[in-house]
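J.: Chains as they are written, first to last, in the numbering used here: chain C, 1 to 148; chain G, 1 to 143.
In short, the hints are calculated from the structure, not lab data. For each residue, glycine too, the CB sits at the ideal point set by N, CA and C. Hints are not guaranteed to be accurate.
[Said to hold, decoys possible] To give a feel for the contact side, a few chain C residues facing chain G, derived at Cβ under 8 Å:
hint: 1; residue: Asn33
hint: 2; residue: Val34
hint: 3; residue: Tyr37
hint: 4; residue: Asp41
hint: 5; residue: Asp55
hint: 6; residue: Val61
hint: 7; residue: Cys70
hint: 8; residue: Asn71
[To be verified] So these bits of chain G aren't anywhere near chain C, every CB distance computed over 12 Å:
hint: 9; residue: Asp11
hint: 10; residue: Leu28
hint: 11; residue: Glu80
hint: 12; residue: Asn107
hint: 13; residue: Ser112
hint: 14; residue: His115
[Claimed, not checked] Distance windows between CB atoms, simulated:
hint: 15; chain 1: C; residue 1: Asp122; chain 2: G; residue 2: Thr125; range: 29 to 35 Å
hint: 16; chain 1: C; residue 1: Asn58; chain 2: G; residue 2: Asp130; range: 38 to 44 Å
hint: 17; chain 1: C; residue 1: Lys81; chain 2: G; residue 2: Arg21; range: 26 to 32 Å
hint: 18; chain 1: G; residue 1: Val129; chain 2: C; residue 2: Asp122; range: 46 to 52 Å
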Amino acid sequence: MPPSSIQTRDDYRYFLGLQTRWMDNDLYGHVNNVTYYSYFDTVVNMFLIELGGLDIHNAPVIGVVVESHCNYAQSIAYPDKINCGLRVGKLGNSSVRYEVGIFRGDENEVAAAGHFIHVFVDRATNKPVSIPKEIREALNGIAIEDAS
Amino acid sequence: MTNFLDLRINDFGYQTEIPTRWGDNDMLGHLNNVVYNRMIETVVVRFTMGPLAIDWKQDQCYPLVVESLCRFHRPLSFPETVTAGLRAGRMGGKSVTYEIALFGEGNEIPASTGHFVHVFIDRDTHQSVDIPSDIRARIEGFA
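With the rest of the complex left out, here is chain C (with noise of 0.2 Å):
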């Protein structure tokens, strides 16, 4: 997405609130980068999880991460709380790109926004396989217009 175009609340379609962690500051005071990357992580598994119906600990067929990208636009900083917006940018047959915003409490437009691809596939072969039915219609329910 253009750095130009500022994501707000209405362009997410799922979102997790979260409390940041003492540890998630580093030494500027402010969270620091990579820990964008965790809440990815975790708003990503979270809607698996509670809309997809994955079991993370034995579903024949996982997503693993094959590319990630944050642009960070404004800081964030413990004790914040903080809600992860998410949405599905392109769906096809076995990947899948979820688009992030982190917003900061109650505010409306992005502290940082990037996207997160995952491939899906079969655990024991690891080969890409189609993405399974009740992942798909999850996926599908927080697709923007032409993610397919």
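With chain C held as given, fit chain G onto it using these hints.
T.: This is chain G only, laid out in the frame that chain C set:
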């Protein structure tokens, strides 16, 4: 467009070794994706403190990350030691893009490639400023 899998460690002027830890693996048995990003940050920080001689506690301007990207090509796992390579990519007036690759033990093909963009911020005004000329010259040595 670069075929990232063709990159080799010797394509990178700055190299550093990063050990993995037990807790870096997630339940799928490989380094968690966040840890790759941590390693990318680590090679950048070592580069800024070493070859660039930046003192982020004292210098009038300090680097701040505004963008990062990581592509995951093949898994890395504890207990292997990762070799990270860095070179300078695009440099603007106030920002620089570092290009980075992570290599696992005994494998010449990168496990991960990505980039990391720094802008330089004035300690007093908190505004972005031109990259100081001495730092710019040192970065250019790794282009």
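J.: All hints are to be evaluated individually against the structure, with a verdict given for each.
T.: A quick look at each hint next to the structure:
no.	hint	verdict
1	Asn33	5 Å, holds
2	Val34	5 Å, holds
3	Tyr37	5 Å, holds
4	Asp41	6 Å, holds
5	Asp55	12 Å, violated
6	Val61	12 Å, violated
7	Cys70	6 Å, holds
8	Asn71	5 Å, holds
9	Asp11	20 Å, holds
10	Leu28	7 Å, violated
11	Glu80	18 Å, holds
12	Asn107	16 Å, holds
13	Ser112	10 Å, violated
14	His115	9 Å, violated
15	Asp122(C) to Thr125(G): 29 to 35 Å	54 Å, violated
16	Asn58(C) to Asp130(G): 38 to 44 Å	55 Å, violated
17	Lys81(C) to Arg21(G): 26 to 32 Å	29 Å, holds
18	Val129(G) to Asp122(C): 46 to 52 Å	51 Å, holds
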